[in-house]
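Peer 1: Residue numbers (the working numbering), protein chains in the order written: chain A, 1 to 363; chain B, 1 to 253.
Calculated directly from the structure, the hints in this document are not laboratory data.
Careful, some of the hints might be misleading.
Taking CB as the label site, the calculated pair distances span [stated by the list, open to error]:
id : chain 1 : residue 1 : chain 2 : residue 2 : range
1  : A       : G98       : B       : L52       : 52 to 58 Å
2  : B       : P178      : A       : S127      : 16 to 22 Å
3  : B       : L165      : A       : Y22       : 56 to 62 Å
4  : A       : S156      : B       : A242      : 57 to 63 Å
5  : B       : F246      : A       : G98       : 51 to 57 Å
6  : A       : S127      : B       : L117      : 22 to 28 Å
Source: prediction; values computed, not measured.
Note that the Cβ used here is the ideal one computed from N, Cα and C, for glycine as well.
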Amino acid sequence: MPVISLSSITNHICQDTQLQIYDGELLVLAGATGAGKTTLLNVIAGFTPYGGSVQFNGTAVDLLPPSKRNVGYLFQAFALFPHLTVTENIAFGLEARGLDKKVISQRVTQLLALIKIGHLHNRYPKSLSGGEKQRVALARTLAPHPEILLLDEPFSSLDQRTAKLLRLELKSLQQKLGLTAVYVTHNRMEAFEMGDRLAVIRDGRIEQIGIPSEILFNPLTSAVSDLFGAPNIFKCSRIEPLDFGLGRAKCGSLALIVPYCGKAVDKIAVFPSGVRLSRHPIDTPMPNRMQGIVVDVRIKTPVVLVDIQVNDERITAEISSQLWEEIHINISDPVYVTISLKWIRVLLKCSCVDIKPIFMVND
Amino acid sequence: MNNQPRIHFLWGVVPVLTMLLLWETTARLQLIPGGIFFPPFTTVMAEVGDMLFCGVLIPNFMSSLGRVLVGFISGSVFGIGIGILMGWNERVHRWFSPIIGLLYPIPALGWLPVLMLWIGVNEMLPIAIIFICSFFPVLYNTLTGVRQVKPELINAARILGASDLFILKKVVLPLALPNIFTGLKLEAGMAWKVVVASEMVAIPTGIGSLMMRAESLVRLDIILVCLMILSMMCLLFERFFAFLEFKTTGKWR
């Protein structure tokens, strides 16, 4: 499958954008709304005019219309043809290429089975659920054997459970078929879950590109860090194994219980939204509870960022404005900090492997 | 559940029967003064038989029907064709839209005196009027239908490898059908109204001229027969397109 190279892409949004997408990888394009994620996808597809050059495997495709680029595109709003049945939708790309009827019917049957939608074959889109619609759209996209798959927030309008299931299926399909894929999302957890690499795009430029752990633990700019929840990063000196995949990590003056897989830990990231505050020590057993002093309060409606000094380290907690108004924490107040395990990410010393810790259910 | 359509049908028929009964009794009992101007329903029905028998009704009806069919079909075909072209190609749209915007507001019958001088009083005259009457509304409805196809669907078709012609045939046209049918349903009835009007004014054959001759003979029964035929034909044509619409788009809408 092809390597995609974008060089000096310029248009109403992109500003001299450079990007290389490797053979068979799934690259996640992450960024705030209006950053240019979809525009970049449309440049690759050929929907949007642009300056510069797009190359598939070193061959420029700038003069090719979308219909000749052999690219699959999954739309956020599914874009199924409402007047065609599921079977006819899947067959559309094959009929457009003028393939033989027998070949078309074989391929459609194959896809109905692969995407597990055989029971829907003669239904019209109006009678399908969101998840079913996107499955049909995926089957339709894969039918003409595209070599590149472009996905524009394909699961963002689905409920979380369906979206998660489809993401996992998509990822395994993409790997099985060896497709080069570009996946646009503004959901940071989805970005970590899906991406072989992440590219953070801001104002039409690639701000940082790398494997997910690199983006999380070594954000080059505060914009990148903010996009992924501005985690507290702590360098760890040693880790002592505890039990059942847990270890106690010594990070500066903190000792934290973290997920542990038997390898040395380099850094840990603690998401501010996973740091809970209380005025009093709550007498339930709970790892990772520490006492500290509030040193700064930053109001960023609808949330408030509270910086707490714990020993020599500073931990940022994110609480809702509503909660903040209720508890009235002021600077130099003593508070208790509780860090839930599921909001901790671990970077191993040999950073060649990007271990994916437990994912959060909520963004 | 099985009774549902029958009850529905009854609710359509009962008011009509009541109205006919009321008509019949008021006319028979001469409740309205000047009975000669208000024949009872059964007399009108008997006149239908007479007219069929002496061969007045069929030829006049057929000549009106022929005019409606030729004028309406040609007007619709051109309307749909140019509507698609304008909806699909921005340049064509820019060219035609001001011209059509100026011509559209002129009532179809307003063309009658001009056309009488241009093409004379012959078979072509009512056909031309019906053509004008169907062409513009069908065109506008088609244009709207084509233009409201979501760009995303067209992009989806393009990326799947479809050529422009294929997209037009397989995506744009089928999705514009509901709008096209709206235009056809409206104009099929309108064509009958226009043909009668033009026959009344200028042409010596057809339902319209039959009505004018009946008027000069004070034959209200004949006039009422003609009006009833008109009403049935408008309804029939509209229902025919509603049926076609359901057949072609009912499954997916």
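Peer 1: Now look at each hint and say whether the structure bears it out.
Peer 2: Verification of the hints:
At roughly 55 Å, the beta-carbon separation of G98/A and L52/B lies within the given 52 to 58 Å, and the hint holds. The hinted window of 16 to 22 Å between P178/B and S127/A holds, with their beta carbons roughly 18 Å apart. Against the hinted window of 56 to 62 Å, the Cβ-Cβ separation of L165/B and Y22/A comes to about 37 Å, which falls outside the hint. For S156/A and A242/B, the hinted distance range of 57 to 63 Å is not satisfied, since their beta carbons lie about 39 Å from each other.
Remark: the range hint 51 to 57 Å for F246/B to G98/A is contradicted by a beta-carbon distance near 32 Å. The given range of 22 to 28 Å is broken by S127/A and L117/B, whose C-beta atoms sit roughly 58 Å from each other.
Comparing the model with each numbered hint stated earlier shows that hints 3, 4, 5, 6 do not hold.
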